[in-house]
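Please arrange chain U on chain G, whose structure you already have, making use of the hints.
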Amino acid sequence: MRKINFSFMTKVTAMIVVLILLTATTVGMTSITTTRGLLLENSLRELGADVEITSVRLIAGIDALRSDTIFISNLPEVSGVRRAIEAGGVDPVDLTTDALWRTQLIGVFSELLVSKPHYVSLQYISTDEALELVRVDNSNGAIAVLGRRELNIGVTNDYFLTAQALAPGAVYLSNITLQRDSSGALVEPQTAVMFASTPIYSDDGSVFGVVAIGLDFGATFDELLALHQDSETLYVTNQAGDFLLHSAELSLTFGFETGQQHRIQDAFTALVPLFEPSNTVLELPASPDTASNPSAVHFRRVLFDPLTPDRYLGVAVSTPYDEIVGEVNSLLNQGVLVTAILVTAGIVLAVIIMRSLIRPLYQITLATQQISKGQFDIHLPVQSQDEFGQLAAGFNQMSDALQGREMELIEANQLLERRVAERTEELQKSRDEAITARRIAQENSRLKSEFLSTMSHELRTPLNAIEGFTSIMLGGMGIELSPKAEDMVKRVSANSKRLLNLINDFLDLSRIESGRLELVKAPLSPLSLAQRWQNQVSVLGEEKGLDFVVNVDSGLPTTVLGDEDALSKIAINLLGNAFKFTHQGRVALDLRRDDGDWTIAVSDTGIGIPTHAREYIFEEFRQVDGSSKRLYGGTGLGLALVQKLARAMGGSVTLESEVGKGSTFFVTLPLETTEEGVPA
Amino acid sequence: MSNIPVDLLQGWDIVVIDDEPDSLEVARYILDFYGANVYTATNGMEGVSLVENVKPRFVISDLSMPGMDGWEFLSELKATLSISDTPVIALTAHAMRGDRERAIAAGFHNYLTKPLTATTFMDQLMILLLDIPQMSEYLTL
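Here the protein sequences line up with chains G and U, keeping their order. Per numbering that gives the first Met the number 0, residue 0 is the first one in the first sequence, and the count goes up by one each step. Per numbering that gives the first Met the number 0, residue 0 is the first one in the second sequence, and the count goes up by one each step.
Just chain G, same shape as in the assembly (with noise of 0.2 Å):
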């Protein structure tokens, strides 16, 4: 599976924009319900609130009546009417007439109508014979006095009737209904009208008739209607639910007057209840219930009468539930998207910030990277003094501070490669001075060797020949010599013998010095070359009548490894000189194994070494003193080429030596053995 790599800023990024989101969703969800909530409360609040400004309306326009009425019942023409008719056509206040009360009082009722044209009548009624005394109506804008004749008798209105019952300064307020006239048809055009009325009474407290004042609430309602608003539906109904005002449809209102019913609780059955006799409700708001009804209605009862408070006006404003929650979505729709564009805003904000947060630690994360590739001259903007700031601040430092350490370490590798440079090239120049020296070296070594061979060979074969054939003359070959050549002969045998010892000598000791000396390591038996070396040199004692002992020591293996030559060349060259130097008593020669090493030892009861002599016996050409050379001959390499043999071999020579009384040279030699024969 592959992984996908976000970077940080991607990750914060999603990060914040999830946050937001979800801050967003949770709390738009929270407040578009609670919004809603409080949306639909308002719109419902709303019809409280237009109930409330109708009712008022409703109740100013029903007070405004009321006290107009009872102006009226104090209004002095009232109670001079009164007087005069009760005292049987004078006033005997004033001894004004009746005819003439009457007549002024028509006058103030006239300009009341004219100053109230809502009004529709003012009636001034008597109770005897419920007759009129005063009438003056309001008829479309004319003001129509009723004449003696038109008045009528015999009153039956309920406001007249009621009236009668009540105390003096109560006002009964009449049921809207249509305006009828005095035969009781129903007033063309229809109007809606409420009548207010007081009793007026005589002086001996009974009642002597009502003033009552017909008010027409169409201009009311046409004011009411004129308030509501059209998304709303107004209603106003009297006790019994009867629509007496609509705003959506008139035809439904006063149904009563004309036999039919139209009732608000037929409308909205949650206001059913209102209707029954036992409710007190006042006011029953709109349910919040959107679902179970199909309109929101706000009922509110207005006792107009406090007087029979079983009377009253129903005010009510609905409004379908679908307007409400339309209203309501298209303003949480415009919520939400106000909201939807602040959060983008929020969002694209955000990550701006994130960026401006992210992109030093971004650039910072880069230029480690360049630093880890090597590339140290990295300089961040310090943009500000947060801690970003403050990391690309320390970022510089370090990076400044490597490449300080890159710089040094180029210079010193440069010093160190410089310094290796020479250091090679003056070793190259030696080691080639050196390779040359060699090669001159073993160039000279071979020629040397070459030469030492040819000088071998070429001073060796005259002797040879010289040796060969003076030891046939003497050999008893069938050759006859004369005593004299015989003598002669022999001479020349014996200084060719010691010529050919000395070349001898010297190119061992030639070889021995340019390292051209290769000793084997060949199987050798020590008596064998015990005996070998008594029969080369036994002769010497014989003809000097010395003893010769010879001993082997039993300790010795029966083979030790050697190279014969050189261990005969040294015991050769030891026993001569013994032979030489010794004139009486006796030459030994020792093989004695002495633990590791072996040696070999030649003693003499000769003339001995003088102390001072022993340190230069074993340079090349030094004898004892000059003396001694011209006396026992030889060429003084002998005793220098023992040395050098048996260093070559690993071993050393010693002495020990007293003067007048002989010698012992001591040739120690590791000792190496082997199980391999020798052969014969």
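None of these hints come from the bench; they were simulated from the model. Ideal placement from N, C-alpha and C gives every residue a C-beta, glycine not left out. Just so you know, not all the hints are guaranteed correct.
[Unchecked claim] One-sided excerpt, in silico: chain G residues whose CB lies under 7 Å from chain U:
(1) T367
(2) Q368
(3) S371
(4) G373
(5) E466
(6) G467
[Stated by the list, open to error] Across the chosen pairs, the derived CB separations fall in these ranges:
(7) G:P609 - U:R101: 40 to 48 Å
(8) G:E512 - U:A104: 48 to 56 Å
(9) U:D6 - G:R515: 43 to 51 Å
(10) G:G514 - U:R101: 35 to 43 Å
Quick look at chain U alone, frame taken from chain G:
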């Protein structure tokens, strides 16, 4: 040497090869004195044809010679079937250390050390010959 009978090598054919005429002469004289028929050659090439012709009892050959030297002579002789069994004794110079061991290893039967003198030559030669089975039967001491 007095105890070496003068007829020791009576009737023996011996080939001696050496580039030194004097050395050859000494060897010839001594061997001749003891009764041998001595044939000489001065280099390996001559020596091979001489040995092929003479079929000697043994050969004495110097190692260091111009032309074909003793080493080459030996390998040539060993490569020639008719004479490959002929014992060859090397004649080594005193100076050539290591030559003796190399000589034995190369197939020489044994070696003699120069200088050749009347006494040492015959003494050594007798010892070497006794060591060669097919020679010893001829020797009557």
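Run through the hints listed earlier and report the numbers of any the structure violates, in increasing order. 1, 2, 3, 4, 8, 10
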